Each structure stands twice: as structure tokens, then as C-alpha cells.
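First to last, the sequence lines map onto chains A and P.
To convert, take the position in the first sequence, counting from 1, and add 549; that gives this note's numbering.
To convert, take the position in the second sequence, counting from 1, and add 267; that gives this note's numbering.
Just to be clear, a hint being listed does not mean it is correct.
[To be verified] Going by beta-carbon spacing under 8 Å, a handful of chain P positions derived as facing chain A: (1) F272; (2) G309; (3) K310; (4) D330; (5) A341; (6) N353; (7) H374.
[Stated by the list, open to error] Here are a few chain A residues that sit away from chain P, every Cβ distance over 12 Å (derived from the structure): (8) K567; (9) F730; (10) T841.
[What the hints assert, rightly or not] With a straight-line cut-off of 30 Å between C-alpha atoms, the simulated DSSO-like cross-links for lysine-lysine are: (11) A:K753 to P:K460; (12) P:K469 to A:K751; (13) A:K594 to P:K469; (14) A:K753 to P:K310; (15) A:K753 to P:K456; (16) A:K741 to P:K310.
None of these hints come from the bench; they were simulated from the model.
Computed from a predicted model, the values in this text were never measured in an experiment.
For glycine and all other residues, C-beta sits at the position ideal for the given N, C-alpha and C.
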Amino acid sequence: MAKVLMKGNEAIGAAAIKAGCKYFFGYPITPQNELPEFMSRELPKIGGAFVQAESEVAAINMIYGGAGTGARVMTSSSSPGIALKQEGISYIAGAELPCVIVNISRGGPGLGGIQPSQADYFMSTRGGGNGDYRHLCYAPATLQEAVDLTIEAFDVADQYRTPVIVIGDGMIGQMMEPVEFNEPTKRNLPEKTWATTGTEGKRKPNIINSLALDPAELEKHNIKLDNKYKEIEANETRYEMYKTEDAEIVFVAYGTTSRIVKNTIEALRAEGIKAGLIRPITLWPFPNKAFTEIPAAKALLTVEMSMGQMIDDVKIANEGRLPIHFYGRSGGMIPSPEEIGNKAKEVLGGVK
Amino acid sequence: MAEIFNKTEGLTDKQFHYCPGCTHGIIHRLVGEVLVELGVLGKTVGVAPVGCSVLAYDYFNCDMHEAAHGRAPAVATGIKRILPENVVFTYQGDGDLASIGTAEIIHAAHRGEKFTTIFVNNAIYGMTGGQMAPTTLIGQKATTAPYGRQQATAGMPLRMSEMLATIDGAVFVERVSVHNVAAIRKAKKAIKKAFEVQIEGKGFGIVEVLSTCPTNWGISPVDSLKWLEENMIPYYPLGNFRTPEEGK
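Next comes chain A alone, as it looks inside the complex (with noise of 0.2 Å):
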């Protein structure tokens, strides 16, 4: 299929359906707008349906519902939006049903700011909501990464009957560039047994519900869900090493700053320094194996657009090995490839 010149969150929308998703529900916040819009102008044309939502509570209740009938569905917001979903990403995973929700993500906290902003690293792997559940989330760093990873997503969803996260930051939203839609990797999908669609007089009712009042019973499914996170961990996490090979500094980056980092990267090694980068796509299950792949390195410089988020993860991964730098830019400042070069000789500096 020949490539076409799109804008982020159209590009996203156009994923969805590409992926089988005819709904949509969502609520206007910047910088996502143009997928709910998008949505709302080609939804109706293959007769599906689209509802703006009179608040993300109520979008992502509707996509609860929605996604017990077993039909692919979609619900889209930006940072604050999404913290109100929480409540219904905490249902969905306890009730085990599959969605797929997208975070443009923009500066916090509060009502923050609508400039680029990578600050919902802990919402969106630690989880906002009640209770003991996970979901994938893939941070893509290119808008072809953003449509492969979205159509996949709901694959991925369906698989393991939970939601799953697509976050970039407004930058992914808001800019250009050519993609193409490409069929996924095929995979073994179970058949949606336990959707609500009527019994038709002809089995017993499914019933879709994340309560159970006996303590025991509810013990069980935490295991069984944890079960199934472990099997996400081991099938699902995926990174990319860029030049980890013998990089004596390795950075750790995702999203659009992984792309500023690599421009780094090429000036750091113009000027003989050793440099890499190991880039986490799915920030849950983080890539804790990528830490071991590091031969050369002497020292890990994460940068984010936060004041520190995925260092934690960072920490955990490394297990003490290497000393551990960070430099961040926040509030929508994004970070230039000379200042993290700069940061980056302070810590070899350091090192040597």
C-alpha cells in the first residue's frame, strides 16, 4: 500500500478502523481533538457509530459496555481526560474486556498545560484506578509506529481480554507524516464467548461484572489476573538497543524524545564518544532484559519529558549495576539534542 501524508491522530483513527473498530466514544480535550473528529466524520460511513460523551467518566463507561458486547471499540483523550477514565480502566481490566484507549498526552499536573509531555508515565504504568491490575501500554516514537502499534493494540487487546494504552505526547498527535497501513502479525484470537449480545433462549446468561463480595473468590481472580500479566510480560514486552553494541553511555528514552536522543547520539559519536540508547516501546511491561544487554556501558542517562518518571523503572531494571543520570525537560519544554549532549559529557566526564 503506498504511504499517505497524515497527521498523527488521524493517522491513530485511521489505524482503528483499519484494526475493525466501527465505535467510538470520547470527549473533546487539546491536543487529541482531531481523533474524535476524525472518528465522527468516517464512522457513520461504514456504519458504526460515534458518540461524544458528555464527560471521559461517561465515554469510558460507554466503552465498558461496548466492549462486553465483544465488538473492537475505542475511546481517545488527552492527560486530565484520561485521569477521569480511570475509574473505567479499573473496571474493564477487572472485568477482563478488551478496548483500546489513547493518550495524547500534554503537561500536568492539574489542568497542566497543552504543549508535548511525557508526565503520565506513572498514570499510565502504575495504573490511576482501584485495585490489583495492569495493562499494556505502547508508547510509539514515529506515527508508523503509532498506526502499527494501534492496530496491534486491539489484537493484543482481544488476546488477553484487557485495555490496552496507546500514549505519545502531543507531538504524535499533532504532526505529520507519511504511513502506511500494514496488516498485522496474525495471531490466535480466542472467540468472544462471554459477550453480552442476548442468550437467544439458547445458553445461560454471561454476565459481565468486576464485584465478587467472598473474599476467596476475589483472591482467585487477583491470581488469575496476575497470571495473565505475567504471561503479557513474557510474550508482550518489546524495546528497541540502538548502537547499545559497545555504547560506554547508554540512554534510556521513549516517545518523541527517543528521537531527539538519536540526534544525539549521531553528534556524540562525530565526536568519538561511545553512545546508545535502549528504548522501551511497551513502558509496561517495561523492557527490564534490555538492561542486561549492555556490555560497554559505564552509565545510563534517562531522559524524559518529565521531571523523572521512568527512572524508577529504570532503577529497577538495572539492579544496582550502573550509576543511574537523569535529565528531563517538563511543562511542554522539549529537550534539544545539545543539551542532553551536553548532560551526557557531564556524566562521562564524571565517569572517567
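Based on the hints, put chain P in the right spot on chain A.
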């Protein structure tokens, strides 16, 4: 021998957990009977609330979806938009619908979502132990209104049916009661009509059912029926507030 009464197939054989004298059981039965009489049980998806009827998913003999507190109308919207040929209903109490879920019920009605809501108003939070609801009457005692509800600090009890009847998308709005046999018969008629309106694709329908809570009102089941009639009906008048014109 002639059969006088049989338990409806619209309900499962699971024993209700409701307190003695609570009228949830009657309302469940009416909904179950109506779904069977309309021949739609097999294509019905019900949405259960949070509150005393949180376990309704175990009682209705159709596919069920348990919602978060107040969110049943949003969950029902998601289901009905994807399955427009199915019959969808929410079953919600007054804490659920008239307090935490006001935005969801008003906007579902406002969009004219084609599902049916059974709204059970017993003027109190039952499940959590008798706290004040938006529908608690002036002077009525609750565990969070130990001196009785005061207008100055808690406002007047909310009349949801009257409020919803101002919304164009709510094409059927009726308040009924289940405190005696005649009232129960009228309640069943209204519930049936509300489902028919959905099946005919006319829009959103709601039946508010005045219900008792002997446990949290602190009076006997018999006295509760009397208390409902003497105290609730004067403030929450029974009757139809909106119905689609015939032929439309």
C-alpha cells in the same frame, strides 16, 4: 388444577438477598414478566447498578452487565449503540441515578438513547446503611441526617421524573408505586409501555418506581407501605409525565 401464579422465566432461581418487606423483589418480578410477555428476554441485555440491587445481574435471566456507581446509562449507551436490535435496560436506585449518576442519566435521555431505565426510589441509601439520598424527604432521618433532612443545608428532595420530562429525548416518563395491588398493576403497565417505546425505536423511557426500605426507615414492612403512601406519594406524585403520541 388451574394455574394461578408461576414464577416468571424472566428471573433466575437465585434467591434474592433483599431484606424482608423490601419491594425490590416485586419490581424485579414485574420487569422479568414484561420481558417474557414481550418475547424479548433472549435479546435483552440488562445493566445492574451499585447499591442494594448491585446483585441484580444474578437475578435477571438475561445477559447482564454490572456498571460502576451511577454509570449504568453510559454502559447501556455503549451496548445499545452497538446492538441496536437488542433490548437494553438499566435498573438503578436513587443514590445511583439521582446523585452520582445525574450527568449520565440526563445526557442519555438528552441524546434520546433507545433504552429503558427502571429507577427505584426509596428515598435512602440502602446498601451502605441508610445515608441521606437526594430523594430523602424533608425531616426524614438518615444516618448522615440524624436530625432529619433540613432544606437549609441539604436542599429539597430531587424530583427526577419531573426534571427528565423537560428533556425532549425522554419520550416516556412515568412515576409509579408498588405499595398495593392496584399500584403494582399500574406499575407493570408503565414498565411494559417503557419497553415498547424502546422496541418501537421511539427514544428513551424511564419508569420511576417508589419503593420501600423497612430496614433503613426503621419501621415494619406493613408500616413501610403505609409510610410510602402517606409521605412519598404527596411529594412524588404518581402519573405519566411524558408519553409518545399514538401513531408517531
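These are the hints, each one checked on the structure:
no.	hint	result
1	F272	violated (23 Å)
2	G309	holds (4 Å)
3	K310	holds (4 Å)
4	D330	holds (4 Å)
5	A341	holds (4 Å)
6	N353	holds (5 Å)
7	H374	holds (4 Å)
8	K567	holds (19 Å)
9	F730	holds (24 Å)
10	T841	holds (41 Å)
11	A:K753 to P:K460	holds (27 Å)
12	P:K469 to A:K751	holds (29 Å)
13	A:K594 to P:K469	holds (23 Å)
14	A:K753 to P:K310	holds (12 Å)
15	A:K753 to P:K456	holds (28 Å)
16	A:K741 to P:K310	holds (17 Å)
Of the numbered hints listed earlier, the single one contradicted by the structure is hint 1.
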